[in-house]
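Protein chains in written order, with numbering that gives the first Met the number 0: chain A, 0 to 476; chain B, 0 to 494; chain C, 0 to 415; chain D, 0 to 229.
Just so you know, these hints were derived from the structure itself, not from any lab. Hints may contain errors.
What the hints assert, rightly or not - Result set (DSSO-like, lysine-lysine): computed pairs, CA atoms no more than 30 Å apart in a straight line: (1) K249/C / K267/C; (2) K205/D / K377/B; (3) K370/A / K402/C; (4) K160/B / K128/B; (5) K267/C / K57/B; (6) K183/C / K456/A; (7) K167/B / K38/B; (8) K402/C / K309/A; (9) K33/B / K167/B; (10) K33/B / K229/A; (11) K267/C / K309/A; (12) K447/B / K62/D; (13) K62/D / K159/D; (14) K249/C / K456/A.
For reference, the chains in residue letters:
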Amino acid sequence: MATVNEVIDTTIDDPGNRTPLVIGGHDYGSITKLVCRINEDKTPIGWYISFAVAASVLGMFFALIGYLVYTGVGVWGNNTPVYWGFPIVNFVFWVGIGHAGTLISAILFIFRQNWRTSINRFAEAMTIFAVCCAGIFPAIHIGRVWVFYWLFPIPSLQLSMWPNFRSPLLWDVFAVSTYATVSVIFWYTGMIPDLATLRDRTDNPILRVVYSILSLGWTGSARAWSRYEKAYTLFAALAAPLVLSVHTIVSFDFAVSQIPGWHTTIFPPYFVAGAVFSGFGMVLTLMVPARQLYGLHDIVTMRHLENVCKILLVTGSMVGYAYAMEFFIAWYGGNLTEKFAFINRAFGPYWWAYFIMVSCNVISPQLFWFKKCRTTPWLMFVISIFVNIGMWFERFVITVTSLARDFLPSSWGMFHPTLVDYGMLIGSFGLFFTLFLLFVRFGPIVAMTEVKSVMPKPYKSPVHDEQHEAEPAVEPA
Amino acid sequence: MAQDSNNSEPKQIGLLVQFDDPDSLLVACDKVRKAGYTKTDAYTPFPLHGIDEALGIKPTKLPWIVLTLGIIGGTVGLLLQYTTNAEFYPFIISAKPRFSLPANIPVIFELTILHSAFAVFFGMLLLNKLPMFSNPLFRVPEFARATDDKFFLAIDVTDDKYKPNKTKEMFEGFVGQTGVIDVFEDPSPNELPVVIKYIGICLAVAAIIPPLILWSALNSTSGAPRINPIRDMDIQLRADTQTQSTEFQGRPSVFPDGRAMRPRIPGTVARGEWTDPVLLTGIVPETAEKNVIFLQDEEPAKENAEKPAEEPKAEDKPAADKPAEEKPADAKPMDEKPADAKPEEAKPEEGAAPTPPAEPEPNWVKFVPIEVTSETIKRGQNRFNIYCSVCHGYAGEGDGLVSRRAFELIDQATPGMAWLPPTNLHTDAVIQQPDGKIFHTITHGIRKMKGYGDQIPPEDRWAIVTYVRALQKTRTGTPDEIPAIKMKELELKGQ
Amino acid sequence: MGGHHKPTITVTDDDSIRLGPGWQTVRYIGLYGGVSLLILATILGVISGKEYLYFSYLTSFIYFLSISLGAVFFVPIHHLSRAGWSVVVRRVAELLSQNVITMAVLFIPIFALVVTGDHTLFEWNNPALWSIDSPEYDQLVALKFPYLNPVFFAVRAFIYFGVWIAIARYFYLRSLDQDSNGDKQTTLTLQKWSSLAVVGFAFSATFASFDWLMSLDPHWFSTIFGVYFFAGCALSFFAFMTVMLFLLQKNGTMSHCVTREHYHDLGKYTFGFTLFWAYIAFSQYLLIWYANIPEETGWYLRRQSNGWAYVAIALVFGQFFIPFFGVMSRHVRRNKYVLSGWAVFILIMHYVDIYYIVMPQVAGGTAPPTFGLIDLCCIFGIGGLYISQLIWFATDKPLVPVKDPRLSESLALHNH
Amino acid sequence: MDRFLFPRWVNKFVPLLIGGLLVGAAYGGTIIFVASSPEVINRGYQPEQPVPFSHKLHAGRLKMDCRYCHNTVEKAPHAAIPPTATCGNCHTGPDDKGALPYAAIRTQSVALEPIRESLNTGESVDWIRVHNLPDFVFFNHSAHVTRGVSCVECHGRIDKMERVEVAKPISMSFCLECHRNPESHIRPVDQVTNLEWGMDKTDTQKLEIGHELVKELNIKPSTNCSTCHR
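With the hints as extra help, turn the sequences into a complete structure.
Right, here's the structure in full:
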């Protein structure tokens with residue numbers, strides 16, 4: 000195995016030569032070992048500690064859900080006029096985080112950004128767990144959890160009733176469940192070859208059976224690879240518009256209404272940009288420590304981190320663009336309530352939330368203009384935390400300030416979160432991290448096959464001269 | 000390399016050659032294809048570009064499957080929304096039409112994607128014949144590295160070009176090969192274990208039980224109330240008509256006596272329910288100053304009384320029960336003021352014969368104190384048929400079905416029968432009663448008959464009186480009492 | 000493309016990378032034809048009513064401007080994303096972006112109209128709407144006066160063209176420098192400035208679309224409008240590039256270095272932006288349709304009555320469904336003949352798109368859609384000038400950045 | 000190599016298993032669908048009453064009109080369970096002196112004992128309600144009965160029931176069916192309590208009558224939520 004700490008600065012650009020995506024002189028076998036080590040070696044004590052913490056927070060989350068279901072949604076701070084309090088804020092927050100994985104696997108794949116291979120698995124897993132967290136909130140927000148199935152068009156002779164397909168909330172049901180389903184099978188499809196690797200390496204009979212079943216008898220046959228690659232391309236082509244649609248539809252929940260501050264046509268792309276932004280923020284939050292803990296510096300190079308930082312900068316600026324457009328149009332549109340809504344956001348009773356949002360989302364990523372910031376792990380970790388906070392507050396600002404101050408001054412009110420609200424927000428992180436830690440422990444957290452296919456060739460081929468024959472020549476159109 | 004098993008003649012099914020680098024594999028693949036082998040396959044830890052051409056793998060049909068299913072998904076989305084929202088459950092909400100395309104596009108889009116994604120996943124598995132858990136290649140120890148860092152080329156012995164030694168020689172001659180391995184057939188059993196078959200049969204048999212339960216549930220009754228798995232708001236904290244307000248969910252009942260509503264306070268009249276006492280009693284109050292007294296209800300109100308119980312003046316009550324009183328009343332004073340539209344039962348205009356009341360007799364109303372039209376009589380007929388005909392019979396001859404049944408029972412010597420034949424309404428005694436008297440009888444009963452005052456509202460009772468009069472007229476009337484115009488109509492009908 | 004592909008390929012000597020002499024004829028036809036058509040349009044406009052002429056001119060102006068703006072966006076994005084595949088076609092995009100200069104000249108009539116206080120084109124330019132004493136006083140327009148007034152309008156127009164010309168010239172000239180000195184550092188410098196250029200482009204294009212399109216109806220507003228305009232710019236740019244490359248190759252230029260792989264990629268972008276345009280257009284429509292607020296729906300209502308509904312439906316199908324299924328197949332994208340055909344179709348539909356934004360405002364939104372000689376004169380007049388200037392910019396310049404360090408990667412492009 | 004390997008038969012078993020699971024899911028779905036249908040769930044409740052009152056005898060054989068006892072049905076939302084006094088019209092017992100003040104049937108019947116007791120004490124008989132809608136549904140009898148919706152539409156042939164049971168699958172879909180197609184469910188208003196009406200008519204004839212009545216009575220049933228859920 001190559002030395003981990005071989006010094007190559009991958010962030011230096013040489014326009015003629017592409018920076019290698021894997022450093023450290025690895026060959027195929029050592030990549031396998033580097034990744035499988037995480038699953039095969041003795042579990043570090045840190046994992047147990049983290050898991051214990053996450054699982055207990057998760058326990059609290061479940062307890063709170065139980066309390067909520069038993070008692071009713073009155074345990075939340077939701078009130079009149081702020082009917083949508085923390086639950087929706089948390090929902091949109093988590094759905095947003097759930098955008099990065101599919102975006103990395105699909106859109107970056109389409110754009111042939113090969114650096115995605117080192118981080119896509121990781122991000123996809125994060126996506127799925129975030130969507131799990133997101134899905135819980137609307138489900139418990141309906142109050143009577145046991146009739147959740149009414150949201151789906153299931154035929155019933157009792158009521159002969161069907162969901163109202165003209166409601167954006169129902170579109171959400173379809174969008175989020177489709178997104179969850181497609182993300183899971185996309186993620187799983189990507190893992191099949193890696194699970195086969197784990198299967199072929201393990202001697203533990205139980206794990207072998209489990210991995211055998213999960214890898215579906217994958218052999219790595221060229222014919223299978225051919226279809227597999229086509230399938231992967233098709234998945235990417237499907238997931239790219241899907242990932243756009245999800246947050247677009249989440250934005251419709253707000254934007255189709257007439258509440259001042261919600262009814263803004265830029266919401267769809269703005270929400271998508273925000274989602275990508277928060278998703279990449281979370282990717283960075285998780286990746287920086289994971290890279291350190293598991294010694295993945297050779298696969299997840301500084302170049303990878305720098306690229307993520309750049310995406311954060313771009314999407315953060317897009318969000319800033321949307322904030323600016325909203326403000327400008329709020330004035331330009333000439334609608335007094337709309338204008339008031341935006342002034343109220345910035346200078347009303349929730350001014351602090353607005354300024355947390357702007358400073359975290361728009362200002363803090365501007366540090367990534369400087370290369371120093373893009374290449375200092377601790378700093379990007381800190382900024383990524385800011386991004387997470389800022390994006391949560393963005394949803395808070397949108398949801399709460401608009402509801403608290405709508406058209407009628409007589410219906411104005413304030414939102415006061417309860418302890419249960421805070422507990423559930425924290426608890427959802429417990430769910431997220433519990434799932435994530437389990438995945439890190441038992442699943443292949445780096446897409447080994449994909450990394451192998453984009454890494455520099457480790458061997459001097461004995462048939463180098465003949466290679467040109469096999470490689471199709473550049474054909475003139 | 001060789002199979003280290005001690006199986007009796009393991010059957011060779013293929014040949015594997017191992018490489019350490021992908022380029023050598025690509026070259027070998029190219030050579031094998033050019034040599035005319037078709038049943039070949041390569042095994043690599045990651046997808047190798049160029050191997051499709053080298054091995055001659057044709058492009059997959061997968062995109063077509065996906066396109067087809069995607070179109071199906073979109074159509075399903077469209078039809079789902081159209082049928083459910085515009086056909087099955089048509090419903091206008093927020094001023095949007097039952098079916099409007101813009102609002103339906105998101106779901107169409109999502110379902111298109113969902114179906115396409117399923118097509119990609121399951122189509123890929125199906126085309127690759129996965130899952131396939133048992134594979135003879137897995138028995139080759141070296142093959143475990145096909146998912147790690149080794150590259151393999153395999154050939155099936157059933158290939159037309161396969162010659163045991165020649166092919167092996169060719170394989171051994173590949174540049175960069177690091178081993179040629181024979182692949183043998185898997186010796187493990189190929190037949191399904193019997194126990195699986197038995198489990199399958201048991202499951203199939205068990206599957207008959209739920210339909211049987213359903214069938215019996217469909218065709219039987221039960222003493223247990225309706226099954227409602229979700230009883231959320233079935234029972235609410237409120238008092239419905241005719242319910243007890245007993246303890247509910249640990250809360251005390253509304254009223255200590257368990258009633259959900261309060262009875263009326265005796266002697267009060269609800270707002271808007273004041274009615275002319277004449278209408279309620281059938282008695283013209285000669286002693287006008289006593290008007291108020293009848294309102295005072297000595298008895299507690301019957302449950303659900305919807306009107307103040309109308310009681311005759313206290314002094315009237317004993318009188319009404321005296322059998323002697325029903326005889327006198329001679330004339331049949333019918334006052335039909337607006338008798339325009341009258342069927343054949345119409346009475347001729349006749350001066351109301353003043354009836355000198357017997358001393359103890361109250362001052363009975365001699366005419367129906369409500370407006371009488373044919374509608375009133377029809378209403379009376381309807382009410383009569385509901386309440387009176389059960390005993391008095393539809394024609395009023397005292398031969399109602401209940402009465403007949405009672406006599407049947409008496410004939411069968413059933414114990415506890417205390418039945419008397421109901422009055423025939425066509426007897427002179429009844430005919431001669433003033434209207435007020437008949438009304439009174441309906442209200443309070445007479446002799447062995449119980450009163451229907453609580454069951455029938457006063458207007459209806461008066462309507463019944465008119466109908467009784469009409470019934471009587473069918474027996475006493477003469478053709479010349481029929482108005483000429485009606486007569487003509489009847490003649491036209493051929494009667 | 001993985002890091003392990005490093006074949007060194009250069010533009011072969013037998014491949015012409017400069018315009019053939021035949022193009023000069025086209026240039027002059029375009030120039031003289033264009034000028035005369037514009038004069039004809041003016042005459043027709045004077046005869047039949049100048050309002051229609053103004054709107055028609057604006058439509059054609061925006062149409063060609065949007066293509067060049069697509070290029071002004073594409074070039075910095077190419078640098079920003081360190082793209083490899085597009086190096087070989089980047090010079091063509093750079094040349095297209097030069098045409099913002101032409102468009103700046105062609106903007107003078109509109110500029111003059113606004114500055115001279117004419118309000119046939121821009122309703123808000125009518126002082127009667129601002130002054131509270133006037134019977135025509137329009138509170139909304141008066142509220143917007145700080146933004147919608149001729150002076151600020153003129154200042155902004157200067158800024159927009161300034162930004163665009165700066166971006167276009169800077170990236171083009173540095174790129175030409177690299178052709179001679181082959182300095183790798185140039186690539187890095189351009190990459191560094193590209194991010195700022197993109198930010199500058201985003202805001203200038205957004206506000207330009209607000210100024211020149213959205214303010215045609217001074218009451219209407221839509222926050223997404225800038226994005227909508229941008230989607231049209233990018234889409235028409237990729238389609239125009241495809242057609243241009245096809246025509247260049249047909250005339251023996253760049254015939255070896257631009258391969259079907261590049262068409263494939265251009266096709267992907269065309270396809271992608273078709274989707275993106277539909278996404279943005281649908282989002283804007285759905286939100287306004289659903290909320291049904293009078294001040295917003297009015298804009299769409301005008302575009303759904305008086306026969307405009309047919310144009311709307313034509314857009315839905317022509318700008319989305321038909322090209323979507325047309326360009327979906329990989330085989331189509333890899334066939335330059337078919338792909339160019341689709342590109343022409345998309346370019347026509349893009350005109351319809353701009354036409355649909357601008358023309359319903361004629362006569363306060365009461366006129367049915369018409370298409371006549373004036374429109375044709377404007378399209379071909381501006382188009383002729385556009386093409387002739389493009390040829391003029393391209394004359395004697397290499398059409399491929401020959402010394403770009405990533406050129407060989409671009410030449411070796413292979414889609415898989 | 001002692002690694003675990005699946006035996007060959009697994010390859011045959013997997014398709015069987017997948018097929019079985021698919022069939023099982025379809026089967027389970029069908030069972031749940033059928034089991035949750037109103038025909039199965041909502042019908043068939045037949046509680047035992049404190050007095051074995053026979054509708055078959057009273058409404059069927061004796062042809063007593065429904066309204067004889069349920070006399071509020073035309074005026075009130077609620078079709079009242081009759082007070083014991085109504086029973087007392089025919090079933091009084093001896094008074095405290097042992098005399099029988101009124102004409103009465105079966106004064107010694109054991110089954111009728113609760114009635115006599117109720118008449119004496121004034122305490123209600125604890126009848127068990129058979130047709131009981133959930134509290135969030137508001138059904139108005141008078142609105143239906145006076146517009147030609149017969150008792151039989153919701154309660155079935157009560158006049159043939161010895162002990163009353165829920166004969167119709169009263170569910171929301173059941174209500175909606177009628178509210179959407181009132182023609183096929185109404186009859187002349189005076190025939191509302193005639194449970195045998197229409198036996199001699201074909202469906203087309205009934206439908207014709209229904210159409211006329213809908214027009215005549217201006218029947219426009221609402222299917223808005225707030226019609227029943229107030």
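Now the hints, each set against the structure:
1. Our distance criterion of 30 Å between C-alpha atoms is met by K249/C and K267/C, whose separation comes to about 22 Å.
2. Taking the CA atoms of K205/D and K377/B, the gap is about 25 Å. The hint holds against a cut of 30 Å.
3. Between K370/A and K402/C, the direct Cα distance comes to roughly 27 Å. Compliance with the 30 Å bound is thereby established for this hinted pair.
4. About 25 Å separates the Cα atoms of K160/B and K128/B, which keeps this hinted pair within 30 Å; it holds.
5. The hinted pair formed by K267/C and K57/B meets the criterion: a straight-line CA distance of about 23 Å does not exceed 30 Å.
6. Simply put, K183/C and K456/A have alpha-carbon atoms about 26 Å apart, close enough for the 30 Å limit, and the pair holds.
7. The hinted pair formed by K167/B and K38/B meets the criterion: a straight-line CA distance of about 15 Å does not exceed 30 Å.
8. A distance of roughly 27 Å separates the Cα atoms of K402/C and K309/A; the hinted pair therefore holds under the 30 Å criterion.
9. About 16 Å separates the Cα atoms of K33/B and K167/B, which keeps this hinted pair within 30 Å; it holds.
10. About 25 Å separates the Cα atoms of K33/B and K229/A, which keeps this hinted pair within 30 Å; it holds.
11. At most 30 Å may separate the alpha-carbon atoms for a hinted pair to count; K267/C and K309/A meet this at roughly 24 Å.
12. The suggested pairing of K447/B with K62/D holds, with an alpha-carbon distance near 22 Å, which does not exceed 30 Å.
13. For the given pair, K62/D sits about 11 Å from K159/D by alpha-carbon distance, which is consistent with the 30 Å threshold.
14. Straight-line distance between C-alpha atoms of K249/C and K456/A comes to about 39 Å, which puts the hinted pair past the 30 Å bound.
Hint 14 alone, counting from the list given before, is not met by this structure.
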